[in-house]
Amino acid sequence: MRAQRPGRRRRAALLLAAALLAALVGCRPPVRGSGLNVLLITFETTRADHLSGYGYERETTPNLDALAGQGTLFERALSVSPRTNPSLASLMTSRYPHEHGVRNLLLPLEPDNHTLAELLRDAGYTTGAVQTHPRLVASSGFEQGFATYEDDYRRHPLAPQACAVATRWIERQAQGDRPWFMWLHLMDPHWTYDPPPPWRSVFAPDDPRPARLYRDLVERRIEIGSVVFENTMAPDEVAAFVNLYDAEIRYTDEAVGQLLWHLERIGVRDRTLIVISADHGESLGEHGYFFEHGDFGTEPEIHVPLIIAGPDELPRGKRVPQTVSSVDVAPTILDLLGLSSEGRFRGASLMPLVEDGDHAEDRECFGETGKRFHEQNVRREVEGAAGKWRWLRQGRFKLTHAPRASGTVERRLYDLVADPGETRDVAEAHPEVLASFRERLDAWIAEDPGDLRDYHISAETEEILRSLGYVN
Numbered sequence: 005m006r007a008q009r010p011g012r013r014r015r016a017a018l019l020l021a022a023a024l025l026a027a028l029v030g031c032r033p034p035v036r037g038s039g040l041n042v043l044l045i046t047f048e049t050t051r052a053d054h055l056s057g058y059g060y061e062r063e064t065t066p067n068l069d070a071l072a073g074q075g076t077l078f079e080r081a082l083s084v085s086p087r088t089n090p091s092l093a094s095l096m097t098s099r100y101p102h103e104h105g106v107r108n109l110l111l112p113l114e115p116d117n118h119t120l121a122e123l124l125r126d127a128g129y130t131t132g133a134v135q136t137h138p139r140l141v142a143s144s145g146f147e148q149g150f151a152t153y154e155d156d157y158r159r160h161p162l163a164p165q166a167c168a169v170a171t172r173w174i175e176r177q178a179q180g181d182r183p184w185f186m187w188l189h190l191m192d193p194h195w196t197y198d199p200p201p202p203w204r205s206v207f208a209p210d211d212p213r214p215a216r217l218y219r220d221l222v223e224r225r226i227e228i229g230s231v232v233f234e235n236t237m238a239p240d241e242v243a244a245f246v247n248l249y250d251a252e253i254r255y256t257d258e259a260v261g262q263l264l265w266h267l268e269r270i271g272v273r274d275r276t277l278i279v280i281s282a283d284h285g286e287s288l289g290e291h292g293y294f295f296e297h298g299d300f301g302t303e304p305e306i307h308v309p310l311i312i313a314g315p316d317e318l319p320r321g322k323r324v325p326q327t328v329s330s331v332d333v334a335p336t337i338l339d340l341l342g343l344s345s346e347g348r349f350r351g352a353s354l355m356p357l358v359e360d361g362d363h364a365e366d367r368e369c370f371g372e373t374g375k376r377f378h379e380q381n382v383r384r385e386v387e388g389a390a391g392k393w394r395w396l397r398q399g400r401f402k403l404t405h406a407p408r409a410s411g412t413v414e415r416r417l418y419d420l421v422a423d424p425g426e427t428r429d430v431a432e433a434h435p436e437v438l439a440s441f442r443e444r445l446d447a448w449i450a451e452d453p454g455d456l457r458d459y460h461i462s463a464e465t466e467e468i469l470r471s472l473g474y475v476n
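In my numbering, the protein residues as written are 5 to 476.
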């Protein structure tokens with residue numbers, strides 16, 4: 005971990021002194037902006053195209069679909085990283101991984117970053133979070149700006165339990181005189197896909213093969229890297245895992261529906277801005293990449309849901325077709341609250357797309373992959389920051405950047421309208437698009453200082469990563 009510069013130490017000391025002084029004299033910052041409450045719910049490992057509101061044939065998200073009917077759904081929202089910590093750090097800071105420093109799942113969000121929670125706290129909000137991911141505990145740095153940060157994921161690992169904790173917190177805040185901001189992160193759709201009954205058989209009869217594989221992995225008879233990169237399952241066995249993945253989403257949607265019902269019961273729904281998204285998606289066999297995310301930045305890994313509902317400024321049932329980025333979420337929330345981001349953010353409010361979508365342009369959506377964990381991943385040939393795969397998606401086109409061990413870079417241009425599976429390079433057919441995308445992607449990559457902070461993996465962390473399917 006980097007040593008703090010003297011300026012950062014002084015800033016931290018001043019902030020601590022100010023907080024202590026405020027606590028001693030009992031003063032709180034005045035409430036600024038509209039005073040709407042904010043409920044931000046992020047799903048773990050949830051690809052947009054497996055939500056029924058995004059056209060999926062299964063009814064996986066009836067409660068989110070109903071919420072979208074009361075607000076705005078963004079059809080092409082993209083994460084800047086297919087790993088949890090970098091992605092959520094970008095969502096909270098509206099900055100890219102090379103700017104906020106969280107370049108992989110193992111690194112903390114350093115205190116010199118300024119987060120959405122801090123901005124809302126300074127605007128007079130009471131802030132709270134409920135976490136269910138073992139890499140998002142308080143020592144991860146994501147707690148900054150939150151007065152309450154409930155990170156005991158072992159006590160509330162499942163969506164209904166975590167939603168109940170969030171509901172109780174909201175009930176307490178509803179008795180006060182301050183608007184509140186609650187961030188709830190729900191882990192359930194992450195590997196291993198194992199929803200409780202009766203949800204596990206909601207889309208298909210229970211199949212014994214996933215449970216058998218899970219036992220083999222726990223008992224070290226099979227390596228997870230082989231499952232991810234050298235998978236030889238028959239299509240019907242892959243489908244058995246997809247059934248469970250979809251069931252996890254349906255199970256999580258039901259818990260969120262209960263939370264939204266409680267907002268009505270408490271009487272705060274009409275004064276609450278509700279934002280639903282995900283940290284990243286999941287590859288379910290596309291490109292020979294099974295039940296994993298983080299390595300390549302394909303569309304199944306980075307296309308995430310984004311639904312915003314609540315204030316009168318949002319039209320009901322609106323669908324925004326333009327590409328937008330997760331760095332745009334925080335500026336949009338502040339805009340809807342009547343608060344300024346004060347030039348701190350790389351993203352921008354999405355309200356112009358909502359208000360004048362017919363004439364608004366697609367947003368540039370940059371991104372980078374996470375750390376390479378598995379030796380079976382032979383497609384990632386270069387280690388470190390220089391070896392990250394990057395991309396620029398805007399509208400129908402996407403340019404990818406893959407460093408090779410030879411010192412060259414493989415670039416491929418995809419037309420995702422004609423070829424949503426990213427199988428055909430159309431660079432020769434669109435030289436003007438290639439030139440524009442390449443210039444902008446190269447400029448974005450050139451911003452990267454290329455440093456990766458050192459970190460130590462404890463035995464406990466290694467076991468957590470193993471349980472999540474990241475190490476063998």
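By construction, these hints were calculated from the structure, which means they are not laboratory data. Just to be clear, a hint being listed does not mean it is correct.
Claimed, not checked - With beta-carbon atoms standing in for the labels, derived distance ranges: (1) W265 / P161: 34 to 40 Å; (2) A439 / G59: 28 to 34 Å; (3) A238 / E346: 36 to 42 Å; (4) E432 / R275: 28 to 34 Å; (5) A208 / R36: 49 to 55 Å; (6) Y60 / A238: 21 to 27 Å; (7) P202 / D366: 18 to 24 Å; (8) P34 / Q380: 52 to 58 Å; (9) R172 / D53: 31 to 37 Å; (10) P212 / P453: 38 to 44 Å; (11) R36 / P212: 53 to 59 Å; (12) R323 / R383: 31 to 37 Å.
Just so it is clear, CB atoms sit at the ideal spot from N, CA and C, and this is done for glycine as well.
- prompt: Looking at the structure, which of the earlier hints fail to hold?
  reply: 1, 3, 4, 7 and 10
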